[in-house]
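**Q** Spelled out, the chains give:
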Amino acid sequence: MKEQVIVQANRYADSVTLMLVSQRVQQLPGIEAALVGMGSPLNLDVLQTLDFQAEISAGPNDLIIALRGRDDEAVQNALDQMEALMRAQGSSASGPGKERPKSLVQALAKQQSNLALISVPGVYAAREARRALEQDLHVMLFSDNVSLAEEVELKKLAHSRELLLMGPDCGTAILNGVPLAFANVVRRGVIGLVAASGTGAQEVSVQIDRMGQGISQVIGTGGRDLHEAVGGIMMLDSIEALRQDPETTVIVVVSKPAAPAIAAKVFEALSKCGKPSVLCVIGSNGGIRGKTEVTAQVAIAHSLLETAQKAVRLAGGVQIPQKPADPAEISGIAATLQPEQKYVRGLFSGGTLCDEAMEILTEKLGLIYSYGPLDPAGQLLDPNKSCQNTVLDLGDDFFTVGRPHPMIDLTLRKQRIKEEAGDPEVAVILLDVVLGYGAHPDPASELVSVLAEAKAEAEAETKVKTERGRESEPHKNGAVFVAYVCGTAGDPQDYNKQVKALREAGVRVFASNVEAAEFTAGILEAARGGGPR
Amino acid sequence: MSIRDLFVTELAVINLGVPSFYEDLLRQGQPVIQVDWKPPAGGNQEMVAALEKLETVREKIEAGNREAFQRLSEAHPYLEGIGTARDLIPGLGERMLLHAGPPISWEHMSGPVRGAIIGAILYESWAQSPQDAEELAASGGIAFSPAHEHNAVGPMAGIISPSMPVFIIHNRTHGNYAYCTLNEGLGKVLRFGAFGPDVLERLKWMAEELAPALKKALQLSDGIDLKSLMAQMLHMGDEGHNRNKAGTSLFYRIVAPLLLKTDLAPKTVRRCLEFIDSNDHFFLNLSMPACKAMLDAAVGVEYSTLVTTMTRNGTDFGLRVAGTGNHWFTAPANYVEGLLFPGFTPQDANPDLGDSAITETCGLGGFAMAAAPAIVQFVGGTASMALEFSNLMYQITYGENPVFTIPALNFRGTPTGIDVRQVVELGLLPVINTGIAHREAGIGQVGAGLVRPPMACFEKALSALAESI
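Those protein sequences? They're chains A and B, same order as listed. Taking the numbering used here, the leading residue of the first sequence gets -15, the next gets one more, and so forth. Taking the numbering used here, the leading residue of the second sequence gets 85, the next gets one more, and so forth.
If you are wondering where the hints come from, they were derived from the structure by calculation, not from laboratory data. Beta carbons: idealized from backbone N, C-alpha and C, even for Gly. Not one of these hints is a red herring.
Here are the in silico distance ranges between beta carbons for each label pair:
(1) R171(A) <-> E107(B): 21 to 31 Å
(2) G386(A) <-> E107(B): 17 to 27 Å
(3) Q154(B) <-> Q95(A): 24 to 34 Å
(4) V89(A) <-> Q154(B): 14 to 24 Å
(5) V107(A) <-> I553(B): 18 to 28 Å
(6) Q154(B) <-> A38(A): 49 to 59 Å
(7) A222(B) <-> A38(A): 44 to 54 Å
(8) A96(B) <-> D56(A): 47 to 57 Å
(9) E137(A) <-> S189(B): 43 to 53 Å
(10) V89(A) <-> S312(B): 31 to 41 Å
Produce the complete structure using the sequences and hints provided.
**A** Spelled out as structure tokens, the structure:
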């Protein structure tokens, strides 16, 4: 066994790149453990956890490369591969002639700009955002771990300078038709969207696109904008900007539960803006939805799909109605299940898609366990272990420490799919697949590969059981896979190709998150009815 | 630009962080630029706080830096003559020796500096033997003071004693003066700590024949425009620190006819010209005080965060900043990384030494590496590396020198006016192109290479600037 730990002073790369590189290096032949990361306290801990013996000193600006492998050759090969991967990720030190600006101000000197897209680690993010606002740049702040106090300060500064401060933790925006970070390729149109939720905005914009209407702007506010302390500054500024925007004729607000006073303000702004609007609140009860009444100006929607439908109608388009679940198909599937297959396991990458699915499943099935449950009674103590009906957002901070987001990297989700598929009590595995810029280039192929493995394992197990004669009836199909693909034909991954690949692998793919969740609920209700029908 | 206006303007994005966001925008054909982002100040929160505090007076700092840079770039040094140190250098006491770098006591001096001090004591006849000289130096009988505090500079040990001849450089724009001894050549020389009879003899000859002859020659001119000479040398492959071949040649072309116009004996003229001709670094002792004269014009500009001095005494590195006047920020000097002459090992090297980093402070030397591709092999690099070094230095400097330009960078002005804030924020240290002295007195130069100042100097300066507001 050969161990090698190298510290390269002053070589910084962003965490997403490093995690991807680390993970790829780990999978190389003959490599037992690998860490490629900055010398943060967290990574130094990880190094110990991984049992590396070398005593090193490294600061947050130094790159640590730690490899343990079968022999010198394996380690050397991994080192070479790592360098190649770093180069491929485009974050290695720039060579001669590829001089890149080292700061925002230097970048501004090179290119007249109007928006800063900031995704640096949270502790530095507010400072960069402040600098950008001072330079009269609009800001999309993708970074999380920005304090509430900083958020308030930044938003006040942005407001005073008539600038956007989208975020923190803002993953999705489409400005002037340009998708930023995690966003889909949708047609341009008259519907302006303000969202406190990334995947909420993605789903609504995708559904609007499918119904033939288009988007003028998608503005993300960050999930905490409607918090009492922030006061909805960005939500209100965005509504005002859309009100003044001649291209926008319909305004859509997708929100998370809000402080009542702030919710009232948002509702009032929509009521008075002079343009028809749709308001959708996803999450626990209360907030805007609990406090407000339907008015002529503001339509209330209860799902992301319904939000898109109402917006499309207000924009003069034709909505596609929700397709009710087909009872014959449901009972057909339920008939293939074993009596002990009673539960759903939802493994989501989009937070709002997860919340929406939980709402629907709770309504039909009762308590849903989760790491962030709608009902506190459903709190999982160990999010790594599912319990009865469990639905998880794998994009939650709990799962993303030291790892890229599940929309980019499906490793964790694949692992969890295999675990759940091996659980004899599981009837349905419910998934979302989010396409668009920012997301994995081909998520379907990743999922198909793990599905095949899970199926092979299930069959092998069935065979063993059958041979031992313990099972009277073979475990025919294992768990049923239900998925929703959030994307468009224009997305880099190509919606149609992704759906086709999943369907060919036996996944039941639906046209909306709501439909996928309702279909899942239907199967479980049918299964609960007991025995094959 | 208001949000409303943004909606009708083409989006142009600066991406800080995840490179794939940049690539996605690039793929869509959107105007986008990726910042090569690193945690500010290497993640040092104390420094980030200091930077943030300085942000609160950003306009005052900008005004200060504008003023300091303007002074630096408008300064115009001329060589106006030669005189004796004691008659010219302010504050140079009768039993005082000036040295390179920040203040230092005898106990802390490195080998070559001690050797040079012994040599200077013998030269001044304050002691008759090296042992006596050493005792005198250790006893406190001699005052030591940084040349930089007396409008003077010196290469390597940089020793200036009262009876040494010095060049008189006059910044005619702002009226200040700078002084420097005459360059002795390579090999066993005082500035590397040699003090044998041949060294002292050469120094005497320089004082008794060379200096008076050059003085006479210079009297026939209206002063030699050093700024223009330096601008030309950059176009001829010099960077003004480690390579002064072109500068020396240009100086020779000016001074030879002047010497011939004097009534000096032909033998004297011949010896003087042979001496200058034999020493490629003769011009170093002119480019250094010229830089000093330019930078001194910026000293004391309030709120300015630009560096006015970078220098080394062989033990410590010293930094001074326009806005904090004469205050020294010091930290242990680094070792030079580069090529050693055959027969020497890294153990032979002394830590970084000399006032010659004044050239980098002024935007020459390592900052102008792109102008001197011939030097890079000497310091162990490639021609493309030379371009890269100069390009990098623009990231930590305020502006570009309007007169000193680099052909290979399409005649871009040299990166000038090192901003302490930028150095700390970007974690990007100035690059200094320098010689390596043997750690023992009198052996001389053992190699050349590149060295960086210790970051601690810049961090201390930044803290002091932040505290001062």
